[in-house]
Amino acid sequence: MTTALTRTEAVLLARAQAVRSRAANIPWPEGGAAKAIGTALTGLYDAIEKYWDLLNGVTHWDAYEWAEDLRCYAEPFEVALAKAAEDADELAGWLIEVIGGHCGPEMAVRVSGEGEE
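First residue of the sequence shown: 1, per this note's numbering; consecutive thereafter.
Please note: incorrect hints may appear among the correct ones.
Calculated lysine to aspartate or glutamate pairs in the EDC-like style (CA-CA distance at most 20 angstroms, straight line) [what the hints assert, rightly or not]:
id: 1; residue 1: LYS35; residue 2: GLU97
id: 2; residue 1: LYS50; residue 2: GLU68
id: 3; residue 1: LYS83; residue 2: GLU68
id: 4; residue 1: LYS50; residue 2: GLU106
id: 5; residue 1: LYS83; residue 2: GLU114
id: 6; residue 1: LYS83; residue 2: GLU30
id: 7; residue 1: LYS50; residue 2: ASP69
id: 8; residue 1: LYS83; residue 2: GLU49
id: 9; residue 1: LYS50; residue 2: GLU9
id: 10; residue 1: LYS35; residue 2: ASP53
id: 11; residue 1: LYS83; residue 2: ASP62
id: 12; residue 1: LYS83; residue 2: ASP46
id: 13; residue 1: LYS50; residue 2: GLU90
id: 14; residue 1: LYS35; residue 2: GLU9
id: 15; residue 1: LYS50; residue 2: GLU78
id: 16; residue 1: LYS50; residue 2: GLU65
id: 17; residue 1: LYS83; residue 2: GLU106
id: 18; residue 1: LYS50; residue 2: GLU75
id: 19; residue 1: LYS35; residue 2: ASP46
Listed next, with one range per pair, are the computed distances between beta-carbon atoms [as the list claims (entries may be wrong)]:
id: 20; residue 1: HIS60; residue 2: ASN25; range: 47 to 55 angstroms
id: 21; residue 1: VAL11; residue 2: GLY115; range: 35 to 43 angstroms
id: 22; residue 1: PRO27; residue 2: THR6; range: 13 to 21 angstroms
id: 23; residue 1: GLU97; residue 2: ASN25; range: 17 to 25 angstroms
id: 24; residue 1: GLU90; residue 2: ALA33; range: 19 to 27 angstroms
id: 25; residue 1: THR42; residue 2: CYS72; range: 29 to 37 angstroms
id: 26; residue 1: VAL11; residue 2: THR39; range: 22 to 30 angstroms
Hints listed in this document are in silico derivations from the structure and should not be mistaken for laboratory results. The beta carbon of each residue, even a glycine, is placed where N, CA and C say it ideally should be.
Starting from the given sequences, assemble the full structure and let the hints guide the process.
What follows is the structure, encoded as structure tokens:
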């Protein structure tokens, strides 16, 4: 069992955390857009927290809904960490899509960080 981030996990988490930070610091319009964005943002927060809980031993890998699939691997903990990082990255993408659908492509690009150096 390892307790360090792999390079891939670090990249996925950094991207997800950057999206989360940008989205959390924008005043979103009231109504349905705010609710949809809030739901997507909460999902992203939860996914990032799930990764850190796994890595820090707060939660065991077999506590998650996809644990049964991991039992066949020689190193289920490492696979669980990789899966959690991928989930966070996918939810960041979903948040960007939700923002684009409710607030337009310009806001989606702003939150995604595309074009930043």
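Hints versus structure:
A distance of roughly 14 angstroms separates the Cα atoms of LYS35 and GLU97; the hinted pair therefore holds under the 20 angstroms criterion. Between LYS50 and GLU68 the CA atoms are separated by roughly 17 angstroms; this keeps the pair inside 20 angstroms, and the hint holds. At roughly 13 angstroms between alpha-carbon atoms, LYS83 and GLU68 fall within 20 angstroms of each other, so this suggested pair holds. Under the criterion of a C-alpha separation no larger than 20 angstroms, the hint pairing LYS50 with GLU106 is inconsistent with the structure, at around 30 angstroms.
Annotation: proposed proximity of LYS83 to GLU114 is violated, straight-line Cα distance about 24 angstroms (limit 20 angstroms). Between LYS83 and GLU30, the direct Cα distance comes to roughly 34 angstroms. Violation of the 20 angstroms bound is thereby established for this hinted pair. Proposed proximity of LYS50 and ASP69 is supported: the alpha carbons are some 17 angstroms apart, at most 20 angstroms. Only pairs whose Cα atoms come within 20 angstroms are accepted, and LYS83 paired with GLU49 is accepted, the gap being roughly 13 angstroms.
Pair hint LYS50 plus GLU9 holds up; C-alpha atoms about 13 angstroms apart against a cutoff of 20 angstroms. About 26 angstroms separates the Cα atoms of LYS35 and ASP53, which puts this hinted pair outside 20 angstroms; it is violated. For the hint pairing LYS83 with ASP62, the CA-to-CA distance comes to about 13 angstroms; that is within 20 angstroms, so the pair holds. This hinted pair checks out: LYS83 and ASP46 have alpha carbons roughly 14 angstroms apart, not beyond 20 angstroms.
Distance check on the hinted pair: LYS50 and GLU90 sit about 14 angstroms apart at the alpha-carbon level, within 20 angstroms; holds. Restraint check for LYS35 and GLU9: the C-alpha separation of about 29 angstroms exceeds 20 angstroms, so the hint is violated. This hinted pair checks out: LYS50 and GLU78 have alpha carbons roughly 14 angstroms apart, not beyond 20 angstroms. Between LYS50 and GLU65 the CA atoms are separated by roughly 12 angstroms; this keeps the pair inside 20 angstroms, and the hint holds.
For the proposed pair LYS83 and GLU106, the alpha carbon gap of about 30 angstroms is over 20 angstroms, so the pair is violated. A distance of roughly 18 angstroms separates the Cα atoms of LYS50 and GLU75; the hinted pair therefore holds under the 20 angstroms criterion. Of the supplied pair hints, the one linking LYS35 and ASP46 holds, its CA atoms being roughly 16 angstroms apart against a limit of 20 angstroms. A beta carbon spacing of about 33 angstroms between HIS60 and ASN25 contradicts the range 47 to 55 angstroms that was offered as a hint.
At about 18 angstroms, the CB distance of VAL11 to GLY115 disagrees with the hint of 35 to 43 angstroms. Between PRO27 and THR6 the beta carbon distance is about 36 angstroms. The supplied range of 13 to 21 angstroms is therefore violated. Checking the proposed 17 to 25 angstroms range against GLU97 and ASN25 shows it holds: the Cβ atoms sit about 19 angstroms from each other. In this structure, GLU90 and ALA33 meet the distance hint of 19 to 27 angstroms, their C-beta atoms being roughly 21 angstroms apart.
Taken as a hint, the range 29 to 37 angstroms holds for the pair THR42 and CYS72, whose Cβ atoms sit roughly 31 angstroms apart. For VAL11 and THR39, the hinted distance range of 22 to 30 angstroms is satisfied, since their beta carbons lie about 26 angstroms from each other.
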